[in-house]
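Enquirer: Using the sequences and the hints, build the whole thing.
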Amino acid sequence: MADVQGLVNELATSLRKRKVEGSRETARLTAELLRTVISAQKLPSPTNQAAALIAAVRGVGQRLIAANPVELAIGNIVRRIFHIIREEELSLQVEGEVVLTLGQSRTVKKFLCAAKKKRSFQVFVAEGAPKYLGHVLAKALAAKGLQTTMITDSSVFAMISRVNVVIVGVHAMMANGGIIAPVGTNMVALAAKKHAVPFVVVAGTHKLCPLYPNNPEVLLNDMRCPSELLSFGEFSDFVDFSIGSGASLLNIVNPAFDYVPPELVSLFVTEINSITKHALACSPLDNFSCPITAG
Numbered sequence: 000m001a002d003v004q005g006l007v008n009e010l011a012t013s014l015r016k017r018k019v020e021g022s023r024e025t026a027r028l029t030a031e032l033l034r035t036v037i038s039a040q041k042l043p044s045p046t047n048q049a050a051a052l053i054a055a056v057r058g059v060g061q062r063l064i065a066a067n068p069v070e071l072a073i074g075n076i077v078r079r080i081f082h083i084i085r086e087e088e089l090s091l092q093v094e095g096e097v098v099l100t101l102g103q104s105r106t107v108k109k110f111l112c113a114a115k116k117k118r119s120f121q122v123f124v125a126e127g128a129p130k131y132l133g134h135v136l137a138k139a140l141a142a143k144g145l146q147t148t149m150i151t152d153s154s155v156f157a158m159i160s161r162v163n164v165v166i167v168g169v170h171a172m173m174a175n176g177g178i179i180a181p182v183g184t185n186m187v188a189l190a191a192k193k194h195a196v197p198f199v200v201v202a203g204t205h206k207l208c209p210l211y212p213n214n215p216e217v218l219l220n221d222m223r224c225p226s227e228l229l230s231f232g233e234f235s236d237f238v239d240f241s242i243g244s245g246a247s248l249l250n251i252v253n254p255a256f257d258y259v260p261p262e263l264v265s266l267f268v269t270e271i272n273s274i275t276k277h278a279l280a281c282s283p284l285d286n287f288s289c290p291i292t293a294g
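Each residue of the sequence shown is one higher than the last, beginning at 0 in numbering that gives the first Met the number 0.
Everything labelled a hint here was simulated from the structure, so no lab data went into it.
Some hints could be false.
[Claimed, not checked] Derived pair list, reagent style SDA-like, types lysine to any residue, alpha-carbon separation capped at 20 Å:
#1 LYS192 - THR275
#2 LYS116 - GLU87
#3 LYS41 - LYS16
#4 LYS18 - LEU32
#5 LYS143 - THR106
#6 LYS193 - GLU262
#7 LYS117 - ARG85
#8 LYS117 - LYS130
#9 LYS192 - ALA157
#10 LYS117 - GLU88
#11 LYS116 - LYS130
#12 LYS192 - PRO260
#13 LYS16 - LEU32
#14 LYS115 - ALA142
#15 LYS206 - THR269
#16 LYS41 - GLN4
#17 LYS115 - GLY144
Remember, it's a predicted structure, so these values are computed and weren't measured experimentally.
Expert: The structure is reproduced here in structure tokens:
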């Protein structure tokens with residue numbers, strides 16, 4: 000380590016005396032020195048290795064920057080190495096991560112199957128009543144070799160503390176960063192927010208919508224057939240025929256979608272890039288040039 004410290008002192012002195020000329024040479028010498036610094040580190044337990052490396056690189060980087068603040072390439076190299084360390088940490092994370100999803104999204108299915116090739120994790124799938132499309136997704140993921148656990152919708156809040164990230168598909172992504180998604184998604188988003196679990200939306204850019212949820216052209220929900228909850232035979236048992244042609248004593252509400260406000264969404268992942276909810280507010284306008292209706 001003493002030899003490394005000598006190299007740090009040598010480069011810092013050269014930078015301070017302006018003996019290193021040009022951004023290219025500065026970047027090269029900085030990168031080579033930081034590689035030596037990282038190689039010489041005696042790392043602690045695996046859970047703290049990335050933090051230890053970042054601390055070592057930051058200390059050397061701050062000294063080099065102070066020696067010659069004009070050479071911005073030094074900071075660029077340091078930040079790039081920070082990024083590489085964090086990316087490597089993600090790729091080497093211990094097994095046991097848990098992803099929660101719900102419904103039956105083909106995009107989410109493909110996303111999780113692709114992620115399985117690079118890292119190990121298990122998936123919790125909420126069943127998605129009343130159609131129980133989560134059953135279909137859970138079977139499909141298990142068939143692809145993913146460790147899958149199906150849970151009831153009502154147990155989401157109880158299980159969310161064991162989850163590392165929530166990944167969902169959507170019906171539409173609105174201009175304000177909110178989403179229209181299968182019913183039950185808002186409950187999951189609220190649970191994730193309560194437990195500080197990232198809530199990630201995975202969808203194609205064809206689902207980007209330039210409209211706001213308060214726009215009169217937007218129909219936020221679709222009421223499904225009551226028979227999905229209760230058969231017509233059972234429903235007829237609650238009709239009071241003493242009142243004219245009969246009045247139902249039991250009302251059934253079966254919405255298809257939830258609206259999830261932008262403050263509950265952490266990140267949007269599309270086939271083009273990953274964007275935050277704030278950036279999404281501008282993205283729809285870049286994809287549509289004129290309104291559908293004249294006016």
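Enquirer: Work down the list of hints and note, for each, if the structure agrees.
Expert: Hint-by-hint comparison with the structure:
Taking the CA atoms of LYS192 and THR275, the gap is near 16 Å; set against the 20 Å cutoff, the hint holds. For the hint pairing LYS116 with GLU87, the CA-to-CA distance comes to about 16 Å; that is within 20 Å, so the pair holds. For the hint linking LYS41 to LYS16, the alpha-carbon distance of about 32 Å lies beyond 20 Å, and the restraint is violated. A threshold of 20 Å between alpha carbons decides the hint, and for LYS18 with LEU32 the separation of about 16 Å falls inside it, so the pair holds.
Restraint check for LYS143 and THR106: the C-alpha separation of about 15 Å stays at or below 20 Å, so the hint holds. Straight-line distance between C-alpha atoms of LYS193 and GLU262 comes to about 12 Å, which keeps the hinted pair within the 20 Å bound. For a cut-off of 20 Å, the pair hint linking LYS117 to ARG85 stands: about 16 Å separates their Cα positions. A threshold of 20 Å between alpha carbons decides the hint, and for LYS117 with LYS130 the separation of about 32 Å lies outside it, so the pair is violated.
Taking the CA atoms of LYS192 and ALA157, the gap is near 14 Å; set against the 20 Å cutoff, the hint holds. As the CA atoms of LYS117 and GLU88 are separated by approximately 13 Å, the hinted pair is consistent with the 20 Å bound. With a C-alpha separation of about 30 Å, the suggested pairing of LYS116 with LYS130 is violated against the 20 Å cut-off. Our distance criterion of 20 Å between C-alpha atoms is met by LYS192 and PRO260, whose separation comes to about 12 Å.
For the hint pairing LYS16 with LEU32, the CA-to-CA distance comes to about 18 Å; that is within 20 Å, so the pair holds. Only pairs whose Cα atoms come within 20 Å are accepted, and LYS115 paired with ALA142 is accepted, the gap being roughly 13 Å. Proposed proximity of LYS206 and THR269 is supported: the alpha carbons are some 10 Å apart, at most 20 Å. Simply put, LYS41 and GLN4 have alpha-carbon atoms about 14 Å apart, close enough for the 20 Å limit, and the pair holds.
Proximity of LYS115 to GLY144 is assessed by CA-CA distance (about 9 Å); at most 20 Å being required, the pair is judged to hold.
When held up to the earlier numbered hints, the structure conflicts with 3, 8, 11 and fits the remainder.
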